[in-house]
Structures are given as structure tokens and as C-alpha cells.
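Could you put the whole structure together from the sequences, leaning on the hints where they help?
Chains as they are written, first to last, in our numbering: chain R, 1167 to 1412; chain B, 1460 to 1723.
The hints are simulated quantities; they were obtained by calculation from the structure and are not laboratory data.
Don't take each hint at face value.
To be verified - Taking beta-carbon pairs under 10 Å as the criterion, some of the chain R residues facing chain B (in silico): (1) Thr1214; (2) Gly1215; (3) Phe1216; (4) Leu1217; (5) Pro1218; (6) Ala1238; (7) Arg1239; (8) Pro1246; (9) Ser1248; (10) Pro1253; (11) Glu1254; (12) Met1255; (13) Val1264; (14) Arg1272; (15) Val1295; (16) Gln1311.
To be verified - Covered stretches of chain B, as calculated for chain R (at least 3 residues, CB under 8 Å): (17) 1470-1477; (18) 1546-1559; (19) 1565-1573.
Predicted, not measured: the structure shown is a model, and the values here were computed from it.
Backbone N, C-alpha and C fix where the C-beta goes; we use that ideal spot for every residue, glycine too.
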Amino acid sequence: MIEARGLSKRYGDLVALHDVSFSVQPGEVVGFLGPNGAGKTTTMRILTGFLPPTDGVAAIDGHDIFSDPLAARRAIGYLPESPPLYPEMSVEGYLAYVAKLKDVPRSARSKAVDSALDRCGLGDVRRRVIGALSKGYRQRVGLAQAIVHDPPVMILDEPTVGLDPIQIREIRSLIGSLAGEGSARTVILSTHILPEVEAICRRVIIMNRGRKVVDAPLDELRQTGSLEEVFARATTREIVTEEVAS
Amino acid sequence: MRHVFAIASRELQSLFVSPVAYSVMTLFAVLAGFFFLSGVLQFQEYVIRLQAFQMTEQLGELNLNDHVIAPFLHVMSVVMLFLIPGITMGLFAAEKSNGTQELLLTSPITIWELVLGKFLAAAAFVALLVALLAVFPALLFLFGDPEIGKTLAGLGALLLVGLVYAAIGAFASSVTQSQLIAFFLAFVLLLVLWMLGFLADLGAADGAMASDTVGNLLRWLSTAEHFESMVMGLVETKDLVYFAVLTMGFLVLTKTTVESVRWR
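The structure is reproduced here in C-alpha cells:
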């Protein structure tokens, strides 16, 4: 479903991403872990076509992000780190607009909006102006925006950041239900909250300093210790070996 | 094309739920009323004075088109100089500060669709302003007999100038995420473009201009020059080409700047 091969991103001398490759099968839910600045957001931005990589290739649902960018983008539902909302629009007006942008055919549009509102628990606020909503609700609108065209791939960048514990639980269960058993939806989700990964994902990719350092199913990692230990080992080992090398 | 209309209509909706559109329209209407009234009063006084001195020859040369409508449209084109940047400042800058740019650039739309959608919204607003303005010359048709062709040419000139302003405003908005900077950048660009003709005249008077070619080039680039001749009822291909080239040119620049996010 998602193929990334040798992705690199350099900003001048700064290497944000170095030779990252992975592939995600349909229906898989993958957690992107890593400290801040590890390259999670950069990777996601490359996959969504927002940023071009300096090197490497990627394909979404069989569509190369360079040679067939529109088809690749059509297959993605993307929630950036800060949800891309227009504060002056109503919730349903906004979702209808996004549905238009994402090429949902006119006849299916109002149904698509209704179903997104329904799945994200936004029925009560559909006519409210987005700017007047609480942060938790805005995050839900952000999620609704990512699923309104029913994409086979969802890319969520820190979907629970800045929310209170109750909202975090709600959003998590929402993501859980969107990616639940039976749906063939592929999800990549980034976070630096470890329990979040344990709650939602079945596979973990740990990034550190622009490199992929761990890529394994969660069950496998659990056998070698708690996720926290694995994470600590993966993100510090890299630094130690680098320092030894230099 | 569907995307273009979707983007344009969203943009217009945003304009009309914020106070921006209304303040710009109000200010425009008030200033238009003021300048129109003072123009008409001046004209009337002039007529009375000429009659008092029995200067029939001058009286015969006097007409509503050249002495009321043309100066009025001229002033309003200067008013648009600082009102249109107010409309265009948010076109791209607001998307950047909202974070919605990430939505647009990861949607299955092309950059051209985005730029044309934004421009279409601004153009529709400019057309609305010109329509608003057309009410004033229309009043003259009730009480006098100005030439219809000349009047329409003048309004058309104003519309074309407005479209150039909108394209320049869109470009200014695409280079920054601050609406304030977008406003002032657009204003400065428009002002410079407007004044190039004066600059050329100054240079010519001073003898400082190296050659006539430079002066002619400056004059050709200046919006005022082309506007002036069209308001006088002279619709020439070279002026139409000028407006088209400038509008397209700035739209291409805008497209390039929006796209440049992807190069960084």
C-alpha cells in the first residue's frame, strides 16, 4: 500500500532524513515513533507529496508520488500536525469543501460528509463555526477531513498532541475504530507517546536523527522488553555509536 | 476546472463573512460618492461661470465624459490602488498562517487550479466594485447625455486595471505569511507601477534620462499611461495586450512562488 525506498531529505548541510525505506501492507496500522526532530513529520510530508525528497522514491497505492501525484494524493487522507482548518467556516461547509477538493463526485458528496460527521461524532456541531469549537472537537474535524473521501491510506501526524487525557482517549478510540479489524484501511500514525502506539498499532517504526532504527511488529518487540526500553535503547544506541565513530 | 470554482467560491465566502469585504466596499462607495459629487458640482460651477462670461466656444467643448466621468474614474483607479491589496492580502498568506496550505498542497489539485481559483475570487470582487461604481455615471444618463461607448470604455479600463492589481496582490500574498506584509508589498508594487510614467516625465524634464528608450519603456510599463488613454475612449490593442501581459505575468510568478514550497 505504501512503498518508500531510500528516502532522504537534506536542507543544505542539515540531514533531516537519511535513506529511509519501508513498506506497509494493506490494512496495517503502523506507529511512527521517535524523539522530536527524528524525521517523522518530514517522512509523512514526503509521502503526502507536500515536500519532495532529495533522494529516493515512494508510491501510494501503486501510484508514484512524482509521476502520478494526483492519483497518489487522492488515495491519502492526511492530518497534519496542526489540523488545516478555516476558523470562519462551518463544520459541514468545511467538509463539503474538502470533499470537492478530494474529487468526491457530486452525487456522493453529501453522503460522504454525513458519514464523516457521523464517524467522528460531529453530528451535534455540524452547523457550528470551526473557530468556536474546543480543541478536541477541532482535532475531530481534522480527522473527519482526512476520511471524508474514504481514502485507502491514512497518514496522521501526532493526532493527539495538545489534547487533555479524556480527549486523547476519545481520539484514540476513534482512530482505532477507523483502522479497526475488517477495514482494509492502512494507517501511519506518528507520535512520541509510547502507550498510544501500544493502544492502536500492530507494528512500530522507530526513527532517530533521520534514520530508521527499528522496524518490527509490536508483539515481537514486547518479547525483548517493554516498549519503553526498546525505544530508549534504539534512540540512545544510535547516538553512542555515532559518537564513538566520530 | 471544478477545483477552480470550489476554491474561488470558498474564498469569496470567507471574504464576505469577515468584515474585510464590507469595509472595502463601504470605503469604496463613500469615496466614490464624494468624488463624484464634487466632480459634478465643479462641472456645474464651471458651466455657470462660462455662461456668465458668454464663452460659447468653451461651453461647446465641455462634455460630461471628459470633464466628469474621466476624472472620476481616474481618481477611483487611485483609490483601488490601496483597496485591492486589502482584498488580496489574505489569498495565500492566510492559508499559510492557518496551516491550510498543507491541505491544499496535499489534495489532488494542481497549483494552477489553486492560483486561478484565488485569482477568480479576487477578480469577481473587483468586478463587483466596478459594478458598484457604474451606478454613478449611470445617474448622469438620467440627467444628461454622455456618450455610452466612451463611458463603457472607461469602466472597462477600470476593470482591467483592477485585474492587474488583483494579480499583483495575489503575488504579494504568495511570498509571505503575514497579511500585513502582503498588503504593504502589494501597495508599494502598485504605487511604483502607477508612478513609472511620472518618473519618466521627471527624467525627461531633468535631462537626466540617458535616452528616450528608457523613458519610453518606463512609460510603457506604467499602468497610468494605458489607463489614461482607454478612459479617454481610445480602446487600443496595445493597451489590452499590456493589461493581459501584466495580469498573466504576475499569475505565473504567483504560481512559481506557491510551487516553491516544494523545492525547499
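Structure-based check of each hint:
no.: 1; hint: Thr1214; verdict: holds (4 Å)
no.: 2; hint: Gly1215; verdict: holds (6 Å)
no.: 3; hint: Phe1216; verdict: holds (5 Å)
no.: 4; hint: Leu1217; verdict: holds (7 Å)
no.: 5; hint: Pro1218; verdict: holds (5 Å)
no.: 6; hint: Ala1238; verdict: holds (8 Å)
no.: 7; hint: Arg1239; verdict: holds (5 Å)
no.: 8; hint: Pro1246; verdict: holds (4 Å)
no.: 9; hint: Ser1248; verdict: holds (5 Å)
no.: 10; hint: Pro1253; verdict: holds (7 Å)
no.: 11; hint: Glu1254; verdict: holds (5 Å)
no.: 12; hint: Met1255; verdict: holds (7 Å)
no.: 13; hint: Val1264; verdict: holds (7 Å)
no.: 14; hint: Arg1272; verdict: holds (9 Å)
no.: 15; hint: Val1295; verdict: holds (9 Å)
no.: 16; hint: Gln1311; verdict: holds (7 Å)
no.: 17; hint: 1470-1477; verdict: holds (count 4)
no.: 18; hint: 1546-1559; verdict: holds (count 3)
no.: 19; hint: 1565-1573; verdict: holds (count 5)
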